[in-house]
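Engineer: Below are the chains, spelled out letter by letter.
There are 2 protein chains.
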Amino acid sequence: MNKQELLTKFYDLQKKLYAYAHAQTLVNWDGATFAPEKSVEGRAITTSILGGESHALTTSEDTVKLVEELQKIDDLELKDKRNVEVFAREVKKMTCLPMEEVMEYMKLRAEAEQVWVKAKTDNDFKLFAPYLEKLIEFQKKYAKYINPDAKPYNTLLDDYQEGLTMDTLDKYFAEIEKTVVPLNAMVAKSDILPKVKAIKERIDAKGFDKEGQEKLVDKLFELQGLPKDRCKIAVSEHPFTSGANCNDIRYTVAYHEDNLASAIYAALHEGGHAMYELNTNHDYIFTPIATGASMTMHESQSRIYENNISRSEAFNKHIYKLAKEVFPTQFEDISEEDFYLYCNYSSPSFIRIEADELTYSLHVMIRYQVERMIFEDGVDVMDLPQIWNKKYEEYLGICPPNDTQGVLQDVHWSFGLFGYFPTYSLGTAYSAQFEATMKEAIDYDGALEKGDLTEITNWLRENIHTYGKLLIDDEIVRKATGKEFDPSYYAKYLEKKYTEIYG
Amino acid sequence: MNKQELLTKFYDLQKKLYAYAHAQTLVNWDGATFAPEKSVEGRAITTSILGGESHALTTSEDTVKLVEELQKIDDLELKDKRNVEVFAREVKKMTCLPMEEVMEYMKLRAEAEQVWVKAKTDNDFKLFAPYLEKLIEFQKKYAKYINPDAKPYNTLLDDYQEGLTMDTLDKYFAEIEKTVVPLNAMVAKSDILPKVKAIKERIDAKGFDKEGQEKLVDKLFELQGLPKDRCKIAVSEHPFTSGANCNDIRYTVAYHEDNLASAIYAALHEGGHAMYELNTNHDYIFTPIATGASMTMHESQSRIYENNISRSEAFNKHIYKLAKEVFPTQFEDISEEDFYLYCNYSSPSFIRIEADELTYSLHVMIRYQVERMIFEDGVDVMDLPQIWNKKYEEYLGICPPNDTQGVLQDVHWSFGLFGYFPTYSLGTAYSAQFEATMKEAIDYDGALEKGDLTEITNWLRENIHTYGKLLIDDEIVRKATGKEFDPSYYAKYLEKKYTEIYG
Chain Y
7 MNKQELLTKF
17 YDLQKKLYAY
27 AHAQTLVNWD
37 GATFAPEKSV
47 EGRAITTSIL
57 GGESHALTTS
67 EDTVKLVEEL
77 QKIDDLELKD
87 KRNVEVFARE
97 VKKMTCLPME
107 EVMEYMKLRA
117 EAEQVWVKAK
127 TDNDFKLFAP
137 YLEKLIEFQK
147 KYAKYINPDA
157 KPYNTLLDDY
167 QEGLTMDTLD
177 KYFAEIEKTV
187 VPLNAMVAKS
197 DILPKVKAIK
207 ERIDAKGFDK
217 EGQEKLVDKL
227 FELQGLPKDR
237 CKIAVSEHPF
247 TSGANCNDIR
257 YTVAYHEDNL
267 ASAIYAALHE
277 GGHAMYELNT
287 NHDYIFTPIA
297 TGASMTMHES
307 QSRIYENNIS
317 RSEAFNKHIY
327 KLAKEVFPTQ
337 FEDISEEDFY
347 LYCNYSSPSF
357 IRIEADELTY
367 SLHVMIRYQV
377 ERMIFEDGVD
387 VMDLPQIWNK
397 KYEEYLGICP
407 PNDTQGVLQD
417 VHWSFGLFGY
427 FPTYSLGTAY
437 SAQFEATMKE
447 AIDYDGALEK
457 GDLTEITNWL
467 RENIHTYGKL
477 LIDDEIVRKA
487 TGKEFDPSYY
497 AKYLEKKYTE
507 IYG
Chain E
7 MNKQELLTKF
17 YDLQKKLYAY
27 AHAQTLVNWD
37 GATFAPEKSV
47 EGRAITTSIL
57 GGESHALTTS
67 EDTVKLVEEL
77 QKIDDLELKD
87 KRNVEVFARE
97 VKKMTCLPME
107 EVMEYMKLRA
117 EAEQVWVKAK
127 TDNDFKLFAP
137 YLEKLIEFQK
147 KYAKYINPDA
157 KPYNTLLDDY
167 QEGLTMDTLD
177 KYFAEIEKTV
187 VPLNAMVAKS
197 DILPKVKAIK
207 ERIDAKGFDK
217 EGQEKLVDKL
227 FELQGLPKDR
237 CKIAVSEHPF
247 TSGANCNDIR
257 YTVAYHEDNL
267 ASAIYAALHE
277 GGHAMYELNT
287 NHDYIFTPIA
297 TGASMTMHES
307 QSRIYENNIS
317 RSEAFNKHIY
327 KLAKEVFPTQ
337 FEDISEEDFY
347 LYCNYSSPSF
357 IRIEADELTY
367 SLHVMIRYQV
377 ERMIFEDGVD
387 VMDLPQIWNK
397 KYEEYLGICP
407 PNDTQGVLQD
417 VHWSFGLFGY
427 FPTYSLGTAY
437 SAQFEATMKE
447 AIDYDGALEK
457 GDLTEITNWL
467 RENIHTYGKL
477 LIDDEIVRKA
487 TGKEFDPSYY
497 AKYLEKKYTE
507 IYG
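These protein sequence lines map, in sequence, to chains Y and E. Residue numbers for the first sequence follow the working numbering, so the first one is 7 and each next one is one higher. Residue numbers for the second sequence follow the working numbering, so the first one is 7 and each next one is one higher.
Hints were generated in silico from the structure; no laboratory data involved. Just so you know, these numbers come straight off a predicted model, no measurement behind them. Hints are not guaranteed to be accurate.
Covered stretches of chain E (chain Y as the covering partner; in silico rule of three or more C-beta atoms under 8 Å from a C-beta of chain Y) [said to hold, decoys possible]:
#, region
1, 46-53
2, 235-241
3, 251-265
Simulated crosslink set (DSBU-like; lysine-lysine; CA at most 30 Å straight-line) [said to hold, decoys possible]:
#, chain 1, residue 1, chain 2, residue 2
4, E, K177, E, K485
5, Y, K85, E, K44
6, E, K225, Y, K221
7, Y, K15, Y, K140
8, Y, K22, E, K21
9, E, K234, Y, K44
Even for Gly, the Cβ is constructed at its ideal location relative to N, Cα and C.
Please construct the entire structure, taking both the sequences and the accompanying hints into account.
Structural biologist: See the structure below:
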């Protein structure tokens, strides 16, 4: 086959894989948002069968050969080259291990998740420990298969962000430690904190009905500038973003009557993820590069809308106005300033997913340090609870009262996800660097003041979103900001903001 | 392979086909209820690829051989025997035609549908006529492939209801003509009609907001006794029922502020379809017989809840009560009797899907007669508009002012669906016979009076629903009622009801 024939075959295959992925995504979306309770069994059968078909197609001899042929061609244009590269990574991941080992691992993971649920419920780390140990063993073996010459943890990091290494993260988290630990200590001792806490309690106590919150979230959708004909919102237990392609993206929000901020910022966060997918170059549709560059870059886009933009004093006023329109009674005695402080309440807590903007990175840093010790230093699994608690004491000044609120809190390890956590925080640091660049390139502050995000979204689309996976994170950061990734932007952002509010 | 091995292979294949069907059903459901406008292209690709995979699996040499092997075994138990039989019918339908002809037909159908839309919009039958002619030609050829010895129209009827023939329908529609034509003439001249019309106009003019209607429909869901953990309701342009299996069924309702009855009866109608699927024997799950026996039997179950039960004077009171709870202001001056008459307004109209209970069967009868002429008498396609209009004049006493409201109104023929229409009406006749049987077997009238459908639904489940496709319609009617199908039950039901109201 000549180049054109190979490419045609390749993109036909991608369309087929798209169909399977679309179907599976939708079955899961439906399960999380609409399907009746008893639909679990039927859904499990469908996803397992379609997943099997899709896996067989990806790992077939024919596919492997096709990828090899395409990789031999040295005059592919960039788009094709990257599509082949990105897909080849997938194929390699799926074919590097003997099938029996994969099957065994799948079984282990299913068991581990169930055991983790029980261990967390019963506060019984010992129960989970042997499974955790086996999961780590497998990940080490997997990393060696993928790249025998690399440090295993670097290989795992590379899975969630192409090119990410411990070098980058060590430097990044050193900056976090240096900046956030003292800021957090300052906030904890601040005279302002009791006042902000009282405002938060007063507002949360008012109660915000779900119907009103849904109306507000619809208004935020418009304020954020999301396209109604390509994006929709639903309700699920935990907020998430999903979708088939750049013309069909959805996200969910969860509503709690005693926490209005939760829905507001979940909506803006998921709206940021959605915006990224919606704005990837439409010419890439149905191909491997038609999605965000990495987990990290995705998080940078959700966080920039959630935090940099929507938790700023200038833009927060517009959210306040909309919230007051929907909840006039509740907002009778809430001032613009009250609302801004309410949205920026900060307090160290045990649970990562409930953490505020400031302390969030400390939670992630602890997980990074623990994972690094697991893969680099071969730390004994049984010592993890103690290590975990000591780090919370050291960095956040609080000690988890039990393992349920400590080392057992996150589901990730039971799924075999190691190296995933850092993306949650690193993206936030990207967003500070992007924000600083925008402040020079466009009238960023004016846009927030006006409450019109068009220019900001255009900048993000042209400099980040449109590339999809055509470039890797480092290249996008370099092109968009004219500099290498530099965590000091994030440090400066946090220092300025938290000193202004709590200093 | 021995019997057990063959059966295991067969049911594994069915599970795989279930997965494809589930995914496709869900993609379409999502498209009709939730997906953003621009999602059309991505959905088309997914359904066409999954449809192709599923078709390839159904028609593969391996599958054909498996079915042949299983058909040779003469000691299969009934459940297995019927599953093989039902699936073999599918395989035969898909393999009887050479692939090129199928592809050509698919192309024709896609074009025909578009042309039909334009022809209907422009009131231009001549535009659609050549496509209609080709579609008919193909259907004739297809029928000959399936069964060279049978009359083609009988073969088409058999597609939608196993065992249905023109003999049955000729007798049935003769009864309809004899009964409904004079009843309709009586209603049209009745002194009561202007009063009922005035009530309808008065009620519709009040306006019923969508939120309230949704609440009412939720209450009707409970009144009908549908299970919340296995069934859900959504909104779409046209009401329909869909689902993956007996643990995951959904239906939709459309809301019109100026027509409360529309949502009420759509909900009860689709709720009847849902109830049937929910109550098929759960042991059949993921197999070909795990669904309603036929289109006709399905319609009998939607219509029995919609008409026999919910348009009865006794049960209508309970709907009235719920509607008054939700819309207290609007219902201030609507009496129980007003509401009963409102729900039983009857008036001949041009459009089938807007027809009332009494005239509906006349619309279907006309379509049956026209299709019968097409396939039995070889009538000239260009004569259809004139034939159509004359029949409306003869049976309903009204002449369509144009083809848009006449012969061009239904989408079915543009899809190549011939022989489908009769099921819409025949099922209604089944429901009258089932109702008459229940009146003897259980305290049917007492149940309606109490507003508790438990006993009625139990009877329907045990005598009809549970069988799924294990038995064909004739067998189910015989077992459930102790008699052959007898259209006089329906005639008596209509005579009694419409004489009581309008006589």
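Engineer: So, for every hint listed, does it hold in this structure?
Structural biologist: Each hint, compared with the structure:
1. Residue count for the region 46-53 of chain E with a Cβ under 8 Å from a Cβ of chain Y: 5. That meets the three needed, and the coverage hint holds.
2. Interface restraint, the region 235-241 of chain E with chain Y: holds (5 residues with C-beta to C-beta distance below 8 Å; minimum three).
3. For the region 251-265 of chain E, the proposed coverage by chain Y is satisfied: 5 residues have a C-beta within less than 8 Å of a C-beta in that chain, meeting the threshold of three.
4. A hinted pair counts as satisfied when its Cα atoms are at most 30 Å apart, and E:K177 with E:K485 qualifies at roughly 21 Å.
5. Of the supplied pair hints, the one linking Y:K85 and E:K44 holds, its CA atoms being roughly 24 Å apart against a limit of 30 Å.
6. Restraint check for E:K225 and Y:K221: the C-alpha separation of about 24 Å stays at or below 30 Å, so the hint holds.
7. As the CA atoms of Y:K15 and Y:K140 are separated by approximately 40 Å, the hinted pair breaks the 30 Å bound.
8. At roughly 20 Å between alpha-carbon atoms, Y:K22 and E:K21 fall within 30 Å of each other, so this suggested pair holds.
9. The hinted pair formed by E:K234 and Y:K44 meets the criterion: a straight-line CA distance of about 9 Å does not exceed 30 Å.
The structure fails to meet hint 7 from the earlier list, while all remaining hints are met.
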